[in-house]
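Residue numbers (my numbering), protein chains in the order written: chain A, -4 to 105; chain B, 7 to 118.
Hints in this document: simulated from the structure, not taken from any laboratory. Predicted, not measured: the structure shown is a model, and the values here were computed from it. Positions of the beta carbon are idealized from the N, C-alpha and C atoms, including for glycine. Incorrect hints may appear among the rest.
Away from chain A, derived, C-beta distances all over 10 Å, residues of chain B [said to hold, decoys possible]: (1) Leu51; (2) Ser89; (3) Ile117.
A few chain B residues facing chain A, derived, Cβ under 7 Å [claimed, not checked]: (4) Asn34; (5) Tyr37; (6) Asp111.
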Amino acid sequence: ELKVEQNPLFLSMQEGKNYTIYCNYSTTSDRLYWYRQDPGKSLESLFVLLSNGAVKQEGRLMASLDTKARLSTLHITAAVHDLSATYFCAVETNAGKSTFGDGTTLTVKP
Amino acid sequence: DAGITQSPRHKVTETGTPVTLRCHQTENHRYMYWYRQDPGHGLRLIHYSYGVKDTDKGEVSDGYSVSRSKTEDFLLTLESATSSQTSVYFCAISDTETVAQHFGDGTRLSIL
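So here's chain A without its partners, still in its complex pose (with noise of 0.2 Å):
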């Protein structure tokens, strides 16, 4: 059974601050997608990592992904409180199938 493990669970940062949030997996696998949710909203489509070494980068986010390692990570460059949300990874195995971590809620302070 896979598993995602995602940490920290709750990241509360200054603006204008850096971290990093962390995907981990259990299983082979080399397509990974982050998802970003706001409160009370749906699901929306950050990034898409298809291969070992993809790198994909967004305005403050950038994405990577190692497959030996079985790690995605999410960098949050000079937060800002936009980017106040819950963050998902999800590891895609076969036939279309993900699964999820349980989410990162990163609140972004002044």
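Please arrange chain B on chain A, whose structure you already have, making use of the hints.
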């Protein structure tokens, strides 16, 4: 935005009653999914479909059934609702195995 609509958006019902949630898409995507989201558990897959009449179980399928008679509709049924099925239910779609899923707005279901 991907054309995906969930109905109803909110529902309150009593233990033991049947409940059906509907997911409708206008994207002609092959894959459709039902998840439940509970505090501390992220999203957990209930059932998914990889084509008309082709469905399979997810990790938390007990107490749920699904049907997909048309590409655009994926129904989730709770045959006899229990309080443990109180949750927020999300439908998602994707057209291949290497793209992110697009999510509906969710259905908040309360079973008293």
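task = Just pull the numbers of the violated hints for me, sorted ascending.
result = 1, 4
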